[in-house]
Amino acid sequence: EDQVTQSPEALRLQEGESSSLNCSYTVSGLRGLFWYRQDPGKGPEFLFTLYSAGEEKEKERLKATLTKKESFLHITAPKPEDSATYLCALLQGGSYIPTFGRGTSLIVHP
Amino acid sequence: NAGVTQTPKFQVLKTGQSMTLQCAQDMNHNSMYWYRQDPGMGLRLIYYSASEGTTDKGEVPNGYNVSRLNKREFSLRLESAAPSQTSVYFCASSEDGVNQPQHFGDGTRLSIL
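From first to last, the protein sequence lines stand for chains R and X. If you count the first sequence from 1, position 88 lands on 88 in this note's numbering, and the numbers rise without skipping. If you count the second sequence from 1, position 64 lands on 1064 in this note's numbering, and the numbers rise without skipping.
Careful: at least some of the hints might be erroneous.
[As the list claims (entries may be wrong)] Lysine-lysine pairs mimicking DSBU-like chemistry, simulated, CA-CA at most 30 angstroms apart:
1. K1071/X to K42/R
2. K1057/X to K69/R
3. K63/R to K1014/X
4. K79/R to K1057/X
5. K1009/X to K42/R
6. K1009/X to K1071/X
In case anyone wonders, no lab produced these hints; they're calculated from the structure. All figures in this text were calculated on a predicted structure; none of them were measured in a lab.
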C-alpha cells in the first residue's frame, strides 16, 4: 500500500478554471512535505516545503496547504503554461530520504 | 548556474552491454541520489550518498552500482543491462540539514533492446 497517494492521476482544465490537486499520506511522524513541478523531458523542480498542519505557501497562481492527513495544491485561474506533472514527497521519522507520490498530470487548455 | 548536470541525455543499449551514467552538481551539496522513473511507478530511489566516500542502497538497487567520485560527482553503472532497466534516470542533490528539498537534473533516457 502506497504511503503517499496523489489524486487525481490526471486533470484537464480550461484556462481560468480553478481546481485543487490532492496528496494524502498515511505515515506518522511527518517532518516535511514537498511539492515539485515536472515538465515533459525535464527533472522535477522544487516548488514548496510545508512543515506542519495549518501551514500555507503561495507562489503566483499556486497555493499549497497542509493538514494532518493531506496536502492540497490549489491552482487559481490556471494558464496553459501551468500544464505539467505535479509531484508531492514527504519526509518522515528520522529519514532524510523523501517518499514520492506518483504525481498528477495537469493539462490546461487555452 | 548549471545545478545538476547529467550525461548522456539519451542512450540505447543492447541487452548485456554495460554503461555508466554521469552526474555532477555545482552547489556544494553533500547528499546525492539516483532515481529511476517509470510510467505509473513514480520516482524510485536506486542508491544515495550522504557524503563523499559513502553510498547506501535505496528501494531498487539490484543490477546497479554507484561511485561517489568526489563531492561533485556521483555515477551510476549498469554492468549488464537488461530490458527491465529501460527507464528515465534522474540524479538529484540536496543540502545538509533537516527538510532540505532535492534539486534534480534533467535525466538520462535509457532504452535497453
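Tested hints:
1. K1071/X to K42/R: It holds: about 24 angstroms lies between the C-alpha atoms, which stays within 30 angstroms.
2. K1057/X to K69/R: Distance ~29 angstroms between K1057/X and K69/R Cα, so the pair holds.
3. K63/R to K1014/X: violated, 45 angstroms
4. K79/R to K1057/X: violated, 40 angstroms
5. K1009/X to K42/R: holds, 10 angstroms
6. K1009/X to K1071/X: Holds, at about 22 angstroms.
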